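Student: Residue strings, one per chain:
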Amino acid sequence: MNFSEVANTGLFFNLAPLLVFLPLIGMLINMIFGGKMSEKAIGTVASLASGSAFVVALLLAYSLSAVHGQAYTVPFAEWIHIGELQLDWTFRVDTLSAVMMLVVSGVGTLIHIYAIGYMHEDVRFKDDLRRFRRFFVFLNLFIAMMMILVSGDSYLMLFVGWEGVGLCSFLLIGFWYDFDTLGQKSTANAEAGKKAFIANRIGDFGFLLAIFTTFWHFGSLQFDEVFAQAGHQPATVITAITLFMLIGVTGKSAQVPLYVWLPDAMAGPTPVSALIHAATMVTAGVYLVVRSAPLYSAVPGAQYIVAMIGAVTALFAATIAVGQYDIKKVLAYSTISQLGFMVAAVGMGAYVAGIFHLATHAFFKALLFLSAGSIILGMERGHHHLAHGHDEEVFDPGDMRNMGNLRKQMPVTFWLYMAGTLALAGIFPFAGFWSKDEILLDAKLHAEHFPGVYALLSIAAFLTAFYMGRQIWMVFFGKERTDVAKHAKESPPVMTVPLMVLAALAVLGGALNLPFEGFHNLGHWLGYTLGEVEGLALDLGVAGISTILALVAIGISWLIYGRNPLKEGQPDPLKKPLGFLFTGMENKWFVDEGYKAVIITPFEKLAKFLSITLDWNFWHDWFHNSVIFAGFQSFARFLSDPVDMGIINAIADGLASLTQRSSEGLRRIQNGFVRSYALSVLLGVVAILGYLLFK
Amino acid sequence: MVPVTYYVALSAVLFIIGAMGVLVRRNALIIFMSVELMLNAANLAFVAFASVNNILDGQIFVFFIIAVAAAEVAVGLALIVAIFRTKKSIDVDQINMLKG
Amino acid sequence: MMTIDLILFLILAVVAIATALGMLVSRNAVYSALFLVLNFATVAVFYLLLGAPFIALTQVTVYAGAIMVLFLFVIMLLGTDELPERKVLNWQKPMAIFLALVLMAEGVYLIFIQKSASGLINNAPGADFGSPQAIGDMLFNKYLLPFEVTSILLLVAMVGAIVLTGNMKGGQS
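In order, the protein sequences belong to chains H, U and A.
Residue numbers 1 to 695, in this note's numbering, belong to the letters of the first sequence in order.
Residue numbers 1 to 100, in this note's numbering, belong to the letters of the second sequence in order.
Residue numbers 1 to 173, in this note's numbering, belong to the letters of the third sequence in order.
Calculated directly from the structure, the hints in this document are not laboratory data.
This structure is a prediction, so every number in the text was calculated from the model and none was measured.
Hints are not guaranteed to be accurate.
Claimed, not checked - Straight-line C-alpha distance at most 27 Å; calculated DSSO-like pairs for lysine-lysine: (1) U/K87 to U/K99; (2) A/K93 to U/K87; (3) H/K596 to H/K194; (4) H/K479 to H/K575; (5) U/K99 to U/K88; (6) H/K479 to H/K576; (7) A/K93 to U/K99; (8) H/K408 to H/K486; (9) H/K486 to H/K126; (10) H/K695 to A/K142; (11) U/K88 to A/K93; (12) H/K194 to H/K575.
Said to hold, decoys possible - Where chain H lies over chain U, by a calculated footprint (3+ residues, C-beta under 8 Å): (13) 36-44; (14) 80-87.
Heads up, the beta-carbon is just placed ideally off N, CA and C, and yes, glycines get one too.
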């Protein structure tokens, strides 16, 4: 049998568990033997583990196309069987999960390779070489968990992966748990990890409620069984499930109002930001909505809420991104904004557009993040070069105000970054143009059902181009604003080559789903799973408007930041004309402060009140001491004196003396005289005979 | 022609006399003889019923009872001799070591 | 109407009861034993009347012969002294007599009023009824196992008697 024949039989589908176990094997190798392995070996093992998962994903995708997209399930293990509750670990391979597998393992592998170079330097700057291995262990674990998430056949397995990636996110955000983002000793990174975990926890709570509700009403958590019943359940139930699920989505995919953890998550090493907090994990929410498409499609009300949350998030985060100085923070808010695009798309039922944007975004945002990491490392190199022999002063290598004219020092990174920027800004013919346009087009076509979404997204797209232009001008053009920027150094090939691959994808990724007849590859592909939809044709109006908006935005950014480059120490030129608006953007609209004032501080006060007043003073001092302790004491005294001594002891004593007295009497019978025993026997005989005779 | 009732009554009288002997006499040997008398009374009833019902099994039972009585007497008398050796008496009222 | 059988029965019954009472009241153990021999002999005659010649002869040889000789031997061995008066169990005798009377009353009620046993003794049983041949036939066929068990019992009794009376360890007396 040759290769394609094997693919036709579907045998390759049985390889699906390898998606999870190959990264796990890599993780175990590094965990057990990593201590004696060189950095190169560790990185190679981890990259191979991820890369082999990518190969498996390719095989699965190939097999899927061979069987015309027929979904395939691979039962792997029985997990919990209790009565009606039957939970198995089953892998599901269909066109949707295959896309996710490819994105996760493909982008993941590139980031693994990049991370070999990045972490090599990072652990040296922070002076803790042992964490190199730990990083790759976590990274492989993440890939495995993400695979569980996307390959699960039921909401429960999805949730297992969902929690697993949350854990990895927590571990990797707080990777330098004893530092802050400036490299100073602090608990800031650990707190960022905690924040991410708690915000996600709130979302997970919603997701769990959705799962419980689903099981309660549908009697199953298996996707096909749930979706088959979607039409027969009351709309209120499905609305509840979808909205609970939306809470989970806002947590995991960083939507309003739970997005606040994502900017802080930039505390993690940059490859983590790229892999987890841009390309893969945060898209899990989008995947969840697409996966639950039959449920969402049944309740337009919930769909509108999803779409509006996405659109509002897209705009809101874009405004904040305009006011940020940290290169990664800008990208973080940009990610939130782009995730908003995706959520809005899937909310409107434009699942193909959402997944399309998910994929292209994974390419160009990973590219941007990794390039930003390259820039930051370049700055660090310059900083160390300058500080050689001196006491190192506090320096923020990620602050764009410290950069300028890096085009000269880091030409490769510059061009890569440009590719990512143009893709993100949605310039023709980069990948972002096609995917974003498809979302905007869908928003326009569905405007009567989802009013406002199109406008919000268009403004967000405009702002996207603007803040990316601002970033480019500030980072790569103008004059070096610090000595460090003058001495920044380009990154080695191990970092730049994966970037080039990503850049190629960012440029060409649009080919996945071009809006021309016969080129709706992704739409057709996903149609096997989600139901065939008619591919959209290019709408020149929408495309033109968005392109013009993007170009205008870049032009404005040039006027403000490019024509007159920022001087050293000069405040942002937008500050004056926008006034308090810019202050708001700069300070993230004080959302964190608002949460602190509205939720966290009252919560802490409540906790303090509960702990000091209620628990200690009332509960412990008064209730425990006065009520329970004293009450117990007097009750015990009552039990011991009158009850125990007076009644129980008396009964026992009485029993004893009664026994004694009766035995005194009885022992007379036991007199040892055999004749009297015989008399007793005769008495018995007479009595029994008498009874038998006269009964 | 004697009604079997008469034999049974005679058997009962002999049995009661034997029981009386066990109860009122203190001499271990006489008590023992009374026990033999009671056995004999039972044997008489057996033979009488065997005869009236024309079934031979009753006589076989008597045969076994006589054999068992022989064994019993052999052991019992040995016991009495053994007791006499230690107590120098065959008064059963003196043997009350099991008194409670 | 009094038949010969009945007359014979009554005479023998009187003798049997008298000898039994004699055994009961004799102060001397030897007298008691002799009264009992007489009683056993009387009972043996009853057995003959009841058509059990084999049992009757067994009664004479085993009971009146072997067992009672053993008794007499032991009495001779241990002495025939009257037992000294003792003050214990004074209430035993009246109580025993009372109970015996009650038992007697119950017996009378059972036998003569309820008539639980009925039928006449067959004066002329079958020729071989109770003959040694019939008994032996039954003993070695139907009752073979009990017969063997009895033999073991006798062996055990013999061993027991020797162990109890002999002084195997060469101790005192």
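Student: Okay, which hints does this one fail, numbers in order?
Tutor: 10, 12, 13 and 14
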